[in-house]
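Trainee: Go by the hints and put chain F with the ligand onto chain Y.
Residues per chain are reported as follows:
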Amino acid sequence: MKNKGRFGDYGGFYVPEVLIPVLEELEEAFYKYYKDEKFVAELDNLSRNYAGRPTPLYYASRFSEYVGFKVYLKREDLLHGGAHKVNNTLGQGLLAKYMGKTKLIAETGAGQHGLATAMIGALLGMETKIFMGTTDIERQSVNVHKMKLCGAEVIGVEGATGTLKDAINDALRYWTGHVDDTFYLFGTAAGPHPYPTVVRHFQTPIGIEARQQCLDNIGRLPDIIVACVGGGSNAIGIFSAFLEDKDVRLVGVEAGGEGVSTGRHASTLVAGKIGILHGTKSYLLQNQEGQVFDTESISAGLDYPGVGPEHCMLKDIGRAEYVEAEDKDVIKVFDLMCRLEGILPALESSHALAYLMKSKGKLSSDTVVVANLSGRGDKDVGIIESYRKVTKG
Amino acid sequence: MKSYSELFSELDRTALIPFFMIGDPDYDTGLEIVKTAIDSGADILELGIAFSDPIADGPTIQKAGIRAMRSGMTVKRAIEFIKEVKDYKDIPIGLLMYYNLIYQYGSKEFFEDCCKSGVNSVLVADMNIDNAKEVADLQRSAGLDTVFMVTPNTRSERIERIAAQTNGFIYSVSLLGVTGSREKLSDTVKGLIEKLKGLTDVPVCVGFGISSAEHAVQIARSGADGVIIGSKIVKMIEENLDDKQKMLDQISSFISDVKSALAAI
Ligand SMILES: Cc1ncc(COP(=O)(O)O)c(C=O)c1O
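Protein sequences, first through last, are from chains Y and F.
So for the first sequence, the working numbering puts the first residue at 3; every next one is plus one.
So for the second sequence, the working numbering puts the first residue at -6; every next one is plus one.
It cannot be assumed that every hint is accurate.
List time: in silico DSS-like cross-link candidates among lysine-lysine, alpha-carbon distance up to 30 Å [as the list claims (entries may be wrong)]:
1. Y:Lys6 x F:Lys101
2. F:Lys188 x F:Lys237
3. Y:Lys275 x F:Lys126
4. Y:Lys275 x F:Lys79
5. F:Lys69 x F:Lys79
6. F:Lys101 x Y:Lys4
Far from chain F by the CB rule (all over 10 Å, computed), these chain Y residues [as the list claims (entries may be wrong)]:
7. Tyr33
8. Arg55
9. Tyr100
10. Lys131
11. Cys152
12. Glu155
13. Val156
14. Gly164
15. His203
16. Glu260
17. Gln288
18. Lys362
19. Lys364
20. Tyr389
Calculated directly from the structure, the hints in this document are not laboratory data.
Glycine residues also receive a C-beta, built at the ideal position from the N, C-alpha and C atoms.
Same shape as in the complex, but just chain Y (with noise of 0.2 Å):
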């Protein structure tokens, strides 16, 4: 490799031997293209004219009203997919276009980064296999339609609790066995050098895009931005432009779960422990001895006891928060945002809606936040409805 993909001392590329020649022309491809004219001119084309890039900041007057200060939305709900899922596929995809690889692999826990990578399966012309737990596919049952329906081949997979670090693991397996035709197009900014790389700068847009359109719009930066954090790349995408703005406060929102004191949750920044996992050193939710914990979350998308290596080292040198929302909560607020805004905002972007619900009050009149509504919530209706039965009944 030519880069060691450290941040701090999180990162790296902790995997078998076997995946190294496979990273290292991922790592050159990458170095290659992102800057090459032809590539940007391309992905430009495609993410505006197939993604629908750049995506509308919109100041949310009605929800303000609720919690008394100034909230504006980075729609990314809008783009194809109903996710920022497909500003890493359109990248991705595209490299393994201009790689000369013909069969995408990828992992997901909603659906939203297997729905994406299926789309551009699809306008590739990619033979596609998607990875996903058993438990996931059948809460987020709709966007396995949709995969299936963009001609993608959807395999169960069990492992202990059916979720994302399972499907993680065996589309790593098959990887293994697939080197030499396959790419392994991952969805978040965490796992082996150099994906947290990669996703973060195919996700760089929506932070580009907010900041001018802050100044635009508003005539100032924002005080706050705030992103739900799964892997991380809706949160980075949308940190990675205020890095430098020090007066931006960041604020990364994890799955609370039942809340970190019962255990029954996803706050790996919040409550984990430096470990290693897929390919990546970053804070973990693990026992004493190293083994790594199921997570719980009603949100299949943030359903994993790891958390993208950038996000660790921006906590440590306190340049952004890690805080988490709980289910209860969770659902509170998309509620909220249907019946105030009229959007359904995705249960993993409703956790970063969740912290502006809890700051109600505490927060003055004139704070400018910026939120990422990193997807929208068609694919969980079910999931809102099931969890109102179990906790009336």
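Mentor: This is chain F with the ligand only, laid out in the frame that chain Y set:
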């Protein structure tokens, strides 16, 4: 304590190296199984410590790890297990495991405890020669030999770097893929062994997918110093969980068969 180099120089044939997950299906049965393997002719033991997320392992070894963990296996108990094996016979032992367990134990302390209990080497499945420095120096100063993997897609320049860091043996993976028994031996393996032998004098042991005495003989004929057989044997545990005697008999006769086939070359 018997070293790899002593063993390889004593042997005038290819070493037989069975793999077991420590504590599969439970501590006591696992110990009986390993003793049976020793009695049946194992020259070296390759032992795994169960991890929650074994990305280099296929379904058979994954299930073995789950059985071991369900029966209460921990890293500390694994080290006790190794001591009991070494009390039974002074046979070289290579561990095969994932980095997070070592990292949480404390790498330095872990390697020292391994060495004290009679382990010869610790191969970290999710490491490669580029980041091996993080463990290799600590392994050497603890008194362990180093073992690293080479796969069919490893370039010659890397093989030379790997060989230079290795004083135990090179664990050569026969195919592109995870652990698991295969019907057919991969056709890349012969070329890989010959290539390794041309590049280094470090002993070469071959594993992944080796499932029969014929496979072992082919590997031996290609010039390997050892054959590692994992999933094929572990499957015998899985398939006979309710009949321990049958399990032990099957493992014993399989290992004896492979051993005599290797001895007859
Ligand atoms: C809408 C949405 N937001 C956020 C996430 C979490 O991923 P990340 O932290 O990489 O943005 C997902 C993952 O599936 C998602 O679907």
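Trainee: So, for every hint listed, does it hold in this structure?
Mentor: Hints, one by one, checked against the model:
1. At roughly 23 Å between alpha-carbon atoms, Lys6 of chain Y and Lys101 of chain F fall within 30 Å of each other, so this suggested pair holds.
2. A hinted pair counts as satisfied when its Cα atoms are at most 30 Å apart, and Lys188 of chain F with Lys237 of chain F does not qualify at roughly 42 Å.
3. Between Lys275 of chain Y and Lys126 of chain F, the direct Cα distance comes to roughly 23 Å. Compliance with the 30 Å bound is thereby established for this hinted pair.
4. Our distance criterion of 30 Å between C-alpha atoms is broken by Lys275 of chain Y and Lys79 of chain F, whose separation comes to about 34 Å.
5. Of the supplied pair hints, the one linking Lys69 of chain F and Lys79 of chain F holds, its CA atoms being roughly 16 Å apart against a limit of 30 Å.
6. At most 30 Å may separate the alpha-carbon atoms for a hinted pair to count; Lys101 of chain F and Lys4 of chain Y meet this at roughly 28 Å.
7. For Tyr33 of chain Y, the condition that its CB be more than 10 Å from all CB atoms of chain F holds, with the nearest at approximately 17 Å.
8. Non-interface call for Arg55 of chain Y relative to chain F: holds, since the shortest CB-CB distance, roughly 34 Å, exceeds 10 Å.
9. Residue-level check passed: Tyr100 of chain Y sits 21 Å from the nearest beta carbon of chain F, beyond 10 Å.
10. For Lys131 of chain Y, the non-interface assignment is confirmed: its Cβ lies about 16 Å from the closest Cβ of chain F, beyond the 10 Å cut-off.
11. Separation of Cys152 of chain Y from chain F is adequate, the least Cβ-Cβ distance of about 27 Å exceeding the 10 Å criterion.
12. No beta-carbon of chain F is positioned within 10 Å of the beta-carbon of Glu155 of chain Y; the least distance is around 19 Å.
13. Val156 of chain Y, annotated as away from the interface, keeps every beta carbon of chain F farther than 10 Å; the closest lies near 19 Å.
14. At roughly 14 Å from the closest C-beta of chain F, the C-beta of Gly164 of chain Y stays outside 10 Å, upholding its exclusion from the interface.
15. With a closest Cβ-Cβ approach of about 22 Å to chain F, His203 of chain Y is found to remain outside the 10 Å limit, as its non-interface label requires.
16. With a minimum CB-CB distance of about 21 Å to chain F, Glu260 of chain Y clears the 10 Å threshold, and the non-interface call stands.
17. The claim that Gln288 of chain Y lies off the interface is violated: its Cβ sits roughly 7 Å from the closest Cβ of chain F, which falls inside the 10 Å cut-off.
18. No Cβ of chain F approaches the Cβ of Lys362 of chain Y within 10 Å, the least distance being about 39 Å, so the stated non-interface status holds.
19. Every Cβ of chain F is farther than 10 Å from the Cβ of Lys364 of chain Y; the closest lies at roughly 38 Å, confirming the non-interface assignment.
20. In this structure Tyr389 of chain Y is separated from chain F by more than 10 Å, as the shortest Cβ-Cβ distance comes to about 28 Å.
Violation of the numbered hints given earlier is confined to hints 2, 4 and 17; the remaining hints are satisfied by the structure.
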